[in-house]
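Asks: What follows is each chain in one-letter form.
Protein chains: 2
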Amino acid sequence: MPKSKQAARANLESLYRIFTVPEAPDSTLGAIDQAICDDVAGFLGTHIVALERTLEDIEADFLSPVIPEEPTYVSEYTEFVKQKLVAQSVHTAAPGFVGHMTSALPYFMLPLARIMTALNQNLVKVETSKAFTPLERQVLAMLHRLVYRADAAFYPQWVHNSQHALGAFCSGGTIANITALWVARNRLFAPAGDFKGIAAEGLPRSLKHLGADGLAVLVSRRGHYSLGKAADLLGIGRDNLVMIDTDADNRIDLDLLRLELQRLKSENIRVLALVGIAGTTETGNVDPLHAMADLAATEDCHFHVDAAWGGPTLFSEKYAPLLSGIERADSVTLDAHKQLYVPMGAGMVVFKDPTALSAIEHHAAYILRHGSKDLGSHTLEGSRPGKALLVHAGLSIIGRKGYELLIDLGIERARHFAEQVRQHADFELTSEPELNILTYRYAPRAILGLMKTMCLAQKCQANLLLDQINQLIQKVQREAGKTFVSRTRLRSRDYGTKVITVLRVVLANPLTTDEILQAVLEEQLTLAQHPEVRELLEQIEALAAPLSISQTSTED
Amino acid sequence: MPKSKQAARANLESLYRIFTVPEAPDSTLGAIDQAICDDVAGFLGTHIVALERTLEDIEADFLSPVIPEEPTYVSEYTEFVKQKLVAQSVHTAAPGFVGHMTSALPYFMLPLARIMTALNQNLVKVETSKAFTPLERQVLAMLHRLVYRADAAFYPQWVHNSQHALGAFCSGGTIANITALWVARNRLFAPAGDFKGIAAEGLPRSLKHLGADGLAVLVSRRGHYSLGKAADLLGIGRDNLVMIDTDADNRIDLDLLRLELQRLKSENIRVLALVGIAGTTETGNVDPLHAMADLAATEDCHFHVDAAWGGPTLFSEKYAPLLSGIERADSVTLDAHKQLYVPMGAGMVVFKDPTALSAIEHHAAYILRHGSKDLGSHTLEGSRPGKALLVHAGLSIIGRKGYELLIDLGIERARHFAEQVRQHADFELTSEPELNILTYRYAPRAILGLMKTMCLAQKCQANLLLDQINQLIQKVQREAGKTFVSRTRLRSRDYGTKVITVLRVVLANPLTTDEILQAVLEEQLTLAQHPEVRELLEQIEALAAPLSISQTSTED
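Protein chains in written order, with the numbering used here: chain A, 8 to 563; chain B, 8 to 563.
Some hints could be false.
Since copy identity is lost for identical chains, a pair holds within one copy or between any two.
What the hints assert, rightly or not - When the alpha-carbon atoms are kept at most 25 Å apart in a straight line, the in silico SDA-like pairs for lysine to any residue are as follows: (1) Lys-359 x Gly-378; (2) Lys-325 x Ala-197; (3) Lys-91 x Glu-545; (4) Lys-482 x Val-93; (5) Lys-272 x Ser-82; (6) Lys-215 x Met-461; (7) Lys-325 x Val-73; (8) Lys-505 x Gly-378; (9) Lys-325 x Gln-536; (10) Lys-272 x Phe-202; (11) Lys-89 x Leu-416; (12) Lys-325 x Ser-21; (13) Lys-215 x Arg-24; (14) Lys-215 x Glu-439; (15) Lys-272 x Tyr-84; (16) Lys-215 x Asn-275; (17) Lys-203 x Gln-536; (18) Lys-203 x Asp-307; (19) Lys-215 x Asp-246.
For the record, the hints were derived by calculation from the structure and aren't laboratory data.
These numbers were taken from a predicted model, which means no experiment stands behind them.
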C-alpha cells in the first residue's frame, strides 16, 4: 500500500473511533467522559461566582479565525475547556448570583439532558422524533391547561390532533412572543374572498385590503425588548409598538392605554394586539390582565400575555390569583428555562383557541405533509431538539406541589428582602416585589432628605450622581465575583419622568438564603466606603449646600 | 411543630436535595446518573432503527394534560423514560438510517454537551456567559473565514468588535435564513433623510418611500421551506417568494431567472434578494453561484446562499470548488447540527460585510447596552445556550482535515451508490449526487421500457402507479425498522412538468458502509415482491397492453 493511502486509512480509522461509543468505561474516551462528569460535579459544588479576568484578557485565548488543520486529542481539548472556558464562565447557579433570571438546575436535568443529546431527535417531524412528538404535544397540553383550565372533555380531541397544535415549542421567549404576534397578524388578515391572506400577499396589500393606514401593538413601557424585534421583523415597525407609561407599580396605566386606543382609532390605525405582562423583566410586576382583556374584547384585537417569567406562579395556590385574567388571553408565552428550571433554550407559546396556529401553517413535500402529526408545520423554527423531555421531567419529578414550593419560597424571600432594604438607612427600595423580583439603590436616607429640599434641576443632578454611585457599586461587586446583582434604568415614582439607575435582584434560586442576601447588602455597604463613592456623595451634599445655607439664614 | 409545617419543611429539604449536586457517585442520584450514562452507551451501541409501534399506540402513554400533583422519584421517572421514550425514539445515529440529515454523533460531544448544560450559560449577554461570548465570536470568525477567506489583516479588528458581529449564532438554519433576509430587508430600507428606516416605520411606509409596488425574493423551486416562512414573517408574502424552475440537474434555470427579473422590473417590484442554494435539501445540488452573484450585482440586491447542508464541503480541497462563488454571497447560512456533527439546535449565518448585522441591532436598558460586547444585540433570539462550545470542539478535535475526510467519504459513497442504482435493472436514478444526497425509485427497466411506448396520459397514469409502489416500499421499510430512506416529490426530467415520488438517501454518517447500502436495496427488492406491488405493476403493464398489441399488429 502506498504511504499516502496508508495514512488515509489510519485517519479514517481514527474517525470511526470518534463516532463510536466506547465499549468500556476504562477506554480513553470513556475515562475522559467519567472525568468530565466528576469535574462538572466538583465545579458545580463550589458555590462562588467566577473570578474576574477582564474580557480583553479572556479574548486573547479566542483570537484565531483559523480552523485547526490537524485533529486535537480529546484529552488536550478537554484540558483547554477546563482552563480557558469553565474557569472563565459565570456560575449562573451560584446562590449569590441573584442578578439575572438564572438558578441552580435540578441535578436530574444533567443525566436526562445527556439522554436527550445522545438520542439527537429532531422534533420537526415524527420520522426523526417518534415518541418525542406525542411527548411534546403532551407538555404543550399540560401548560395549556395550567393557563386556561379547560375542562377534561376539551383535551382528548386536541392533544394529538394531526391538524392542530395547542401551542408551539421553541428556543425561548423571544421566538414565543414573535410567534404569538405572527399568529395574531395572520389571523387579522385572514383570507377572505379575493384576498388570499397576509401569508400569501404580504403586509402592504393586507393593510389596503382592510382599509387601514397602519397597524399597532400596545404594551407597557416595561415590555420585553423582544416585542420591538417582533414589530420590526413582522414589518409593523418599532414606531407602531406603542409603549404606554406605567403607574407607580410598574403596571400599564389603563387611562393612558385608553387614550392611545382612541388616538389610534382617530388615525385609522388598526390595533393588532394588546400585550399584557405577567412578570415584567425588570421589576416582576403583573399588568391588570382582566382590564386589558376587557379592552381587547372591545377593540376586537388579539390579547397576548408575556408570562415568560411569571407564568409558573400559576402553580401556587396562594399566589396564582396575582395572574388572574391570564386565562382570557388569546396566547401566552412561557419560558421553561426560567421558572420551570430547565436548562437554557426552552420556550413555549400556548393558544386558547386550538386552531389559532393554523394561521402560520406551512408544508413541504419531503416532510410536514398535510395530515401528518409533524410539529414542524406549526413552528417558526425548523429542526429542533427534544427539550420537551426536560420540561416533562421537571413537571413529573418536581410536580405541581414542588413548583408551588419554589414559587412561594421566591416570593416570600423577595418580600423579606424588600423589608430589609426598606428598613435600612442606606438603601432605597425602588420597586416593591409583587412576584420575586425587586429593585433598590444605594441612597442614604440623609442624602434623600437633602434631596427633598432641592429644586428639580438639583434633584436631577443629584440623581445622576446616585446613578454613578450605583453603577460603580454594581460593577465592583460583579468584578469581585462573590455575589452578583444586575442593574437597570427605571422611571422613579418620586422624580417624575426621570430615569434612575437601580440595582435588580431576582430570587428564583432555592439555594439563595436570607444570609446570602444579607451578605450582598453588606458587601455593597463596604463598597460604598470607597473614596470615589464618598466623593460623589459629597458632590450631592454640595449641591444642596447653597439652598440649606439660605434655608438656615431664613430660619435665623 | 404542627404537622403541616413539618411536612412543608420535609418537602423543602427534598427540594434542596434535588438542586444539589450529589457528593458521592454512589448516592441515589449519582447512581442513577451513572446508570443512565451506561444505558445511553448501551442504547447507542445497538445499531438498529427503532422497532415500530404505531404513533396512536405510543400516544396512549402521553395523553394526560394534568401536571402531576405529587413529585415522582427520579428512579421511577428514569424507568419511564427508558421504557416509553428511549425505546420508542428514532435511532437517528443508526448507519442504516440514511433518509434524513442525521448522523452518528462524535462521542466526545456527549461529555462536552454535559459541561454546556451544567454551566447553563446564557449567550444573550456577557454577564451570563463570560468566556463563552469570545468563544462564540471566534467560532463565527472561523466559519466566516471558511466561507470568505478574508486575509489575515481583516479578522483582528472584527472578531471581538463591540459594535459589530461577523454573524449570528442561532437554533438552526431556519432562523439563520430569516435573519439573513431580515438584514437584507432592513439594509434596503435603511434610514435616509426624513425616512427613519423600515425597523422604525414598517414595510408599508418603506415601500412608499422607495416608490415600489412590491418586494420579491427569488430562489429555485428547490429552496428550503424556511424561505416561505421568512417571506410570510417579514411581511413580504409568500406570493412574492418567486420560485424559479430548475434545469435537469435541480439547479436554478438562469434563463427563467432573468425573465422573472425582467417581469418584476416591469411591474415595479423591487428585488430584495436572490437566494442560491449550496446543497438542496432534497437532491443535494448546488446552484450556479457565480452567475447568480453576477445577476445580484446587476440588480443591486442582496445575494444570500443557503449552505445549511453543503457549507462544510468547503473543508474538502477536492470538492470545495463545487461551491465556487459562495465567497461572493452577502450572507451564508450554515447548520452545525448537520455536517459539523454537532447535536441538534445549532445554526449560523455569516455576513461578508462585518457591519451588515447593524441593520437589526437592538438594545435594552438592563442588558445589551450600547458598546457592550453582548451578542444578544445582533441575534433574532434572546436567551440562548452555549452551543458554540460544541461547534468549537468539533472544529478543534476533528480539525479541517478530519472534516475533509468526512465530506470526501460521503460524496464518494454517494457516487458509488448512484452507480449501483444506475446499473440495477429494477431501479431508476432520479437525481445524480452532486454532493452526498441522491434520489431514485423502484422502476424496473422493463416497465420503463413499456412506458416509453405510452402516450403522455398513459405515462402519467403509470407514474402515479409507480408513486404508489414507492410510497408503499418506503413505508413498509420504515415500519420494519431495519433501515430508513425518506421519500419526496420531484419533477422528473423525463416527464415534463409532472412530479414523481422518489426515494431519498443522505450519506453523511461515516458509519454507513457500502454493505449497508446494498442491504437497503435488497430489502426494497424483497418488498417489491409484495402482492400489492405486483398488482400495481400489472396495472402499468395493462395500461401499455392495447398499445403494444397494436404495435405488434403493425409490425406484422
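Asks: Between the shortest in-copy and the shortest cross-copy C-alpha distance, which are at most 25 Å for Lys-359 and Gly-378: within, between, both, or neither?
Replies: For Lys-359 and Gly-378, only the intra-copy Cα distance (22 Å) is at most 25 Å; the inter-copy one is 41 Å.
Asks: One pair to classify: Lys-89 and Leu-416, alpha carbons no more than 25 Å apart. Within, between, both, or neither?
Replies: Neither: 34 Å inside a copy, 33 Å across copies.
Asks: Treating 25 Å as the Cα threshold, decide for Lys-203 and Gln-536: within, between, both or neither.
Replies: Neither, since 67 Å and 46 Å both go past 25 Å.
Asks: When no copy is named, should Lys-272 and Phe-202 be tagged within, between, both, or neither for a Cα gap of at most 25 Å?
Replies: both (23 Å within a copy, 24 Å between copies)
Asks: With 25 Å as the alpha-carbon cut-off, assign the pair Lys-325 and Gln-536 to within, between, both or neither.
Replies: Neither: 41 Å inside a chain and 66 Å across chains, both beyond 25 Å.
Asks: When no copy is named, should Lys-215 and Asp-246 be tagged within, between, both, or neither for a Cα gap of at most 25 Å?
Replies: both (19 Å within a copy, 16 Å between copies)
Asks: Checking Lys-215 and Asn-275: alpha-carbon separation at most 25 Å within a copy, between copies, both or neither?
Replies: both (12 Å within a copy, 18 Å between copies)
Asks: Given identical chains, is Lys-272 near Ser-82, meaning Cα to Cα at most 25 Å, within a copy, between copies, both, or neither?
Replies: neither (65 Å within a copy, 59 Å between copies)
Asks: Given identical chains, is Lys-505 near Gly-378, meaning Cα to Cα at most 25 Å, within a copy, between copies, both, or neither?
Replies: between (55 Å within a copy, 23 Å between copies)
Asks: When no copy is named, should Lys-203 and Asp-307 be tagged within, between, both, or neither for a Cα gap of at most 25 Å?
Replies: Answer is within; shortest intra-copy Cα gap is 21 Å, inter-copy 30 Å.
Asks: Evaluate Lys-215 and Glu-439 at a C-alpha cut-off of 25 Å and name the case that applies: within, between, both or neither.
Replies: neither (46 Å within a copy, 47 Å between copies)
Asks: My question is about Lys-91 and Glu-545: at a cut-off of 25 Å on alpha-carbon distance, are they close within one copy, between copies, both, or neither?
Replies: neither (42 Å within a copy, 68 Å between copies)
The structure shown violates the earlier hints numbered 2, 3, 5, 6, 9, 11, 13, 14, 15 and 17.
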